[in-house]
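Keeping their order, the protein sequence lines are chains A and B.
When the count follows my numbering, it moves up by one through the first sequence with no breaks and lands on 1416 for the last residue.
When the count follows my numbering, it moves up by one through the second sequence with no breaks and lands on 1416 for the last residue.
Please note that the accuracy of each hint is not assured.
Any copy, or any two copies together, can satisfy a pair, since identical chains are not distinguished.
[To be verified] Subject to a maximum C-alpha distance of 30 Å in a straight line, what follows is the list of computed BS3-like cross-link-like pairs (lysine-lysine):
#1 K1392 x K1223
#2 K1124 x K1256
#3 K1179 x K1205
#4 K1392 x K1214
#5 K1256 x K1349
#6 K1124 x K1274
#7 K1142 x K1415
#8 K1274 x K1256
Keep in mind that the hints were calculated from the coordinates and are not lab data.
All values derive from a computational prediction rather than experimental measurement.
2 protein chains.
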Amino acid sequence: MLVAMLTFALLLQAAANSPAIVPKSPGEIVAQAPAADWVDIKADDLLVMQLASGRRVVIQLMPPPFSQPWVANIRTLAKARWYDGVTVNRVQDNYVVQWGDATEKKALPPGMRKTLENEYTAKLPEALVRSWAVRVAQQVEASTRDGRPMPFFSDKDAYAPAVSLVTGVPIGMKEDGEAWPVHCYGMVGVGRNLSPDAGNGTELYTVIGHAPRHLDRNIALVGRVVEGIEHLSSLPRGTGNLGFYEDTKQRVPIASIRLASDLPEAERPRLQFLSTESATFAVYADARANRKDAFFNVPAGGADICNVPVPVRKKP
Amino acid sequence: MLVAMLTFALLLQAAANSPAIVPKSPGEIVAQAPAADWVDIKADDLLVMQLASGRRVVIQLMPPPFSQPWVANIRTLAKARWYDGVTVNRVQDNYVVQWGDATEKKALPPGMRKTLENEYTAKLPEALVRSWAVRVAQQVEASTRDGRPMPFFSDKDAYAPAVSLVTGVPIGMKEDGEAWPVHCYGMVGVGRNLSPDAGNGTELYTVIGHAPRHLDRNIALVGRVVEGIEHLSSLPRGTGNLGFYEDTKQRVPIASIRLASDLPEAERPRLQFLSTESATFAVYADARANRKDAFFNVPAGGADICNVPVPVRKKP
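Let the sequences and hints guide you as you build the complete structure.
Encoded structure:
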């Protein structure tokens, strides 16, 4: 993990010397990103939730090395059409929307993987860290040369020694390279019972309020909502304990949840995210941390990891 | 500001030595708080927003020394019934709900105060800091003696040198005693045009997503929603730019906004908040930062200021 530690040290130093920026808004910066800075999201990494109301919510599944046993289960469940007919059962204000089988009686499909608590975190693999470190080194060089911003990295976080964004995922990390996805708005996690149960992927939730970061490392995060979160966040709040709907008629029926790769070509969402390793992302994140567009008087000089959401767009 | 600086240093040191806690959940700790730790919210500090739908939202106005010119204007507007018939015009997902006079033509009542940008922050007055420092010193002593938690204070914040909670308000602060309320979920602020306009209080918003802390020190915060936020946070999102409703029929009518002190006795909300200076609050905040109740495996060892919401209850 020497590479990880070197990168960590490099970024800590870089974060202390944030360079000057041009006063564009984050939105303007993203709109001007070159095509090469956008990454296609593969159809096999998109989960399409069709509400019975006709509304659609799209989730991007978590890339390796994070939470892969749960992600594999979710693919298995989606392929088996297991989720069809489940319901949103819980809407807790400033917290989560949760869906699953309210009867708790549906049989599981074959091929479900065992999940373990120690997989809530992962060691960043050498290859990933090395490619990331190379990109970071290139940007540090460009920054020194042109005064451009560094990649987003912060040690001003209440929940992790450091936070950053890697391959589209907001992460907490330690100096030894241990890392984990963090609970930002729109992130999707796996409901579970008390430890040592780690959840199997049948019960899912998404964050609809201030980032509940105390859940980090205590629960598996399997993706994030990249389209249609408003169809979940604006649902009526449940009045029961923890925001569960007290009247079963309040439950929100889900027609189906499918991998985009299992949908007809014409129905597949075609989305891209702004590469967190791109130079544009560094400029965007710096602008989020130092708002100097017309509305602002005092730039903060920093940003919470959950206030640097990864931009997503329809593929042009 | 020597007292402020001493307290700052004391708390920085205290934050580094967080003591062991009992494994109660934050909710259990609050439920067991002694009556003396609860503070009645005065009727003159409560703003009651009656939606035309019959739903009610209650806002606690900001105490001194923060944002008092705007708070005075809001009292003036409420007393003049100026807000009656205004509408919610903007609902932007993961950001704000905003209401005001969509026609922008209503005449202002007499007695409106001028507002200035330099009042987005305030120097904490000596008397407030001294009483706070005394309480803190008492708790530090109790902590040393009994191993009880210290008051919440953190320098692991991306937006301010330090954050804490004083007289019920989450604040950012500098070593010299300059402080400002921060944009947590449910906080209420004053919409404005471009600088140097600082807003007059006719256009208000509340936060319904992840804390947009980049707005801190750039806009006046005048209170927070203490009841009924779900009636705003679950409204349909606007599809126009910045979440404005495109169709005027989508606007949500507000029947009235009144000070509770101007309502008949029987209609006044009677609410209390847990004193942020109480020993119970310190234990509660510590539990939020170090979840050890049954569900949790890994306590975070810290908490974001906006993840330590001030508990509110109906007066028993």
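Evaluation of the provided hints:
With identical chains, the CA atoms of K1392 and K1223 are at most 30 Å apart between copies only, with a shortest distance of 25 Å across copies and 37 Å within one. In this assembly of identical chains, the alpha carbons of K1124 and K1256 lie at most 30 Å apart whether taken from the same copy (24 Å) or from different copies (28 Å). In this assembly of identical chains, K1179 and K1205 lie within 30 Å of each other by CA distance solely inside one copy; the values are 19 Å within and 57 Å between copies. Proximity of K1392 to K1214 under the C-alpha cut-off of 30 Å is restricted to the inter-copy arrangement: shortest distance 25 Å between copies versus 49 Å within a copy.
Taking the shortest alpha-carbon separations for K1256 and K1349, neither the intra-copy value of 45 Å nor the inter-copy value of 44 Å comes in at or below 30 Å. Taking the shortest Cα distances, K1124 and K1274 sit within 30 Å of each other only across copies (28 Å), while inside one copy they are farther apart (33 Å). Within a single copy, K1142 and K1415 get their C-alpha atoms as close as 12 Å, which meets the 30 Å cut-off; across copies the closest is 54 Å, which misses it. With identical chains, the CA atoms of K1274 and K1256 are at most 30 Å apart both within one copy (13 Å) and between copies (15 Å).
Of the numbered hints stated above, the single one contradicted by the structure is hint 5.
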